[in-house]
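Engineer: Listed here are the chains, written in short residue letters.
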Amino acid sequence: MSTPARKRLMRDFKRLQQDPPAGISGAPQDNNIMLWNAVIFGPDDTPWDGGTFKLTLQFTEDYPNKPPTVRFVSRMFHPNIYADGSICLDILQNQWSPIYDVAAILTSIQSLLCDPNASSPANSEAARMFSENKREYNRRVREIVEQSWTAD
Amino acid sequence: MEPLSSLAAEYKSGSPILLEKIKVLDEQYAAIRRTRGDGNCFFRSFMFSYLEHIMECQDQAEVDRIQPNVEKSRKALQTLGYADLTFEDFFALFLEQLECVIQGKETSISHEELVIRSRDQSISDYVVMFFRFVTSAEIQMRTEFFEPFILGLTNTTVEQFCKLSVEPMGEESDHVHITALSDALGVPIRVVYLDRSSCDTGGVSVNHHDFMPVAGDLPSASCSSVKNFPFITLLYRPGHYDILYPK
Numbered sequence: 001m002s003t004p005a006r007k008r009l010m011r012d013f014k015r016l017q018q019d020p021p022a023g024i025s026g027a028p029q030d031n032n033i034m035l036w037n038a039v040i041f042g043p044d045d046t047p048w049d050g051g052t053f054k055l056t057l058q059f060t061e062d063y064p065n066k067p068p069t070v071r072f073v074s075r076m077f078h079p080n081i082y083a084d085g086s087i088c089l090d091i092l093q094n095q096w097s098p099i100y101d102v103a104a105i106l107t108s109i110q111s112l113l114c115d116p117n118a119s120s121p122a123n124s125e126a127a128r129m130f131s132e133n134k135r136e137y138n139r140r141v142r143e144i145v146e147q148s149w150t151a152d
Numbered sequence: 001m002e003p004l005s006s007l008a009a010e011y012k013s014g015s016p017i018l019l020e021k022i023k024v025l026d027e028q029y030a031a032i033r034r035t036r037g038d039g040n041c042f043f044r045s046f047m048f049s050y051l052e053h054i055m056e057c058q059d060q061a062e063v064d065r066i067q068p069n070v071e072k073s074r075k076a077l078q079t080l081g082y083a084d085l086t087f088e089d090f091f092a093l094f095l096e097q098l099e100c101v102i103q104g105k106e107t108s109i110s111h112e113e114l115v116i117r118s119r120d121q122s123i124s125d126y127v128v129m130f131f132r133f134v135t136s137a138e139i140q141m142r143t144e145f146f147e148p149f150i151l152g153l154t155n156t157t158v159e160q161f162c163k164l165s166v167e168p169m170g171e172e173s174d175h176v177h178i179t180a181l182s183d184a185l186g187v188p189i190r191v192v193y194l195d196r197s198s199c200d201t202g203g204v205s206v207n208h209h210d211f212m213p214v215a216g217d218l219p220s221a222s223c224s225s226v227k228n229f230p231f232i233t234l235l236y237r238p239g240h241y242d243i244l245y246p247k
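If you're matching them up, the sequences are chains E and A in order.
Heads up: the first sequence runs through residues 1 to 152, numbered per the UniProt record's numbering.
Heads up: the second sequence runs through residues 1 to 247, numbered per the UniProt record's numbering.
For reference, chain E alone in the conformation it holds in the complex:
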């Protein structure tokens, strides 16, 4: 069955394959264009360098008028990421607009990694450490990076 949401997702996928932004990859699961797996690689020369973080994106038939539900599957330690992996990012909530495709969503999440938004903490321990003890924060991030290699 081809709906506007599905047709749009096929084009999102094509664009992601033809012109993939650096450090991200994503694809729909077999037989389900509405559910995607994605990987974000930690940006070079940052504490996140070398990490491979897995996410899922769940779309509804309202896409692209409504954003997908995006969640990290890999364990994360970040001021704007909740313990269950869900992400506090304006474009995934009230600032969503159809101008964002899957490539743009993943790129935005990638830049959120190194550029947390202190005003909307989802993980208060990470938020506090980020502003008060950057050394310890970076150490915890390195731990998460190492865990990302071994987790399935």
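Since the hints were derived computationally from the structure, they do not count as laboratory data.
One or more of the hints may lead you astray.
List of simulated lysine to aspartate or glutamate pairs, DMTMM-like, C-alpha gap at most 25 angstroms [to be verified]:
#	chain 1	residue 1	chain 2	residue 2
1	A	K72	A	E99
2	A	K163	E	E61
3	A	K163	E	E143
4	E	K7	A	D174
5	E	K7	A	D120
6	E	K14	A	E99
7	E	K14	A	D89
8	A	K163	E	D62
9	A	K105	A	E71
10	E	K66	A	D174
11	A	K163	A	D89
12	E	K7	A	E71
13	E	K66	A	D84
14	E	K7	A	E96
Per the computed footprint, the stretches of chain A lying under chain E, defined by three or more beta-carbons under 8 angstroms from a beta-carbon of chain E, are [claimed, not checked]:
#	region
15	20-34
16	86-98
17	176-189
Sample of chain E residues lacking proximity to chain A, with all beta carbon distances greater than 10 angstroms (derived) [claimed, not checked]:
#	residue
18	R8
19	L35
20	V39
21	I99
22	A118
The model shown is predicted, which means the values in this text are computed figures rather than measured ones.
Backbone N, C-alpha and C fix where the C-beta goes; we use that ideal spot for every residue, glycine too.
Once you have looked at the hints, place chain A on chain E.
Structural biologist: What follows is chain A alone, placed relative to chain E:
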């Protein structure tokens, strides 16, 4: 659609100034059509009013006139670096609606169907989003013109304003949005203001403002004999737009 008396009923025990103003409106306007109050009311009112005008007048000339403007917006978005896939569906759906309201085709729809489609989010929201794209493109292509107005509203750059206040669904429209949409499509819009403001010169009057596009190719408003007269009239009450029908 409701008679204008329904508006008076709403304010029965309200401010005397508003009741006086509604009396004035009642002399010029026959009816009001209410629009969902979800932050998209300006765009949704515009959509319905515009398509209804083309349907009632079978205004093929207007359909032919607006199409190059729609293509200009498409090119503007491409110039601004938007990926085609992010906006092409919205453009296609609007152009489809434009075709449907002209009668005598396989795809033609009735007025009743137009009302149904305007309530159907899978169509209505796409058309609203089309207008949001057109508005955003117009603002960003004429940054120097819009910048002072935007700085007067918020403390953001023009680009940020478009990202935060134009492109997301549900973000309310201000005179900046109306000016940009009217200019981009070349469609004049009259906004009638129903608020508590009053002038001391005695006698109540209702303010209105005509948004007249800067472009030269204005529609001819073929239902009326007056050239360049806005055929879209919206009633603004603080925070909300509805459609007004002149007598």
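Engineer: All hints, please: hold or fail.
Structural biologist: Hints, one by one, checked against the model:
no.: 1; hint: K72/A / E99/A; result: holds, 19 angstroms
no.: 2; hint: K163/A / E61/E; result: holds, 23 angstroms
no.: 3; hint: K163/A / E143/E; result: violated, 35 angstroms
no.: 4; hint: K7/E / D174/A; result: violated, 33 angstroms
no.: 5; hint: K7/E / D120/A; result: holds, 19 angstroms
no.: 6; hint: K14/E / E99/A; result: violated, 30 angstroms
no.: 7; hint: K14/E / D89/A; result: holds, 16 angstroms
no.: 8; hint: K163/A / D62/E; result: holds, 20 angstroms
no.: 9; hint: K105/A / E71/A; result: holds, 23 angstroms
no.: 10; hint: K66/E / D174/A; result: holds, 23 angstroms
no.: 11; hint: K163/A / D89/A; result: holds, 19 angstroms
no.: 12; hint: K7/E / E71/A; result: holds, 22 angstroms
no.: 13; hint: K66/E / D84/A; result: holds, 18 angstroms
no.: 14; hint: K7/E / E96/A; result: holds, 17 angstroms
no.: 15; hint: 20-34; result: violated (count 0)
no.: 16; hint: 86-98; result: holds (count 4)
no.: 17; hint: 176-189; result: violated (count 0)
no.: 18; hint: R8; result: violated, 6 angstroms
no.: 19; hint: L35; result: holds, 20 angstroms
no.: 20; hint: V39; result: holds, 21 angstroms
no.: 21; hint: I99; result: violated, 5 angstroms
no.: 22; hint: A118; result: holds, 19 angstroms
Hint compliance for this structure: hints 3, 4, 6, 15, 17, 18 and 21 are not met, and every other hint is.
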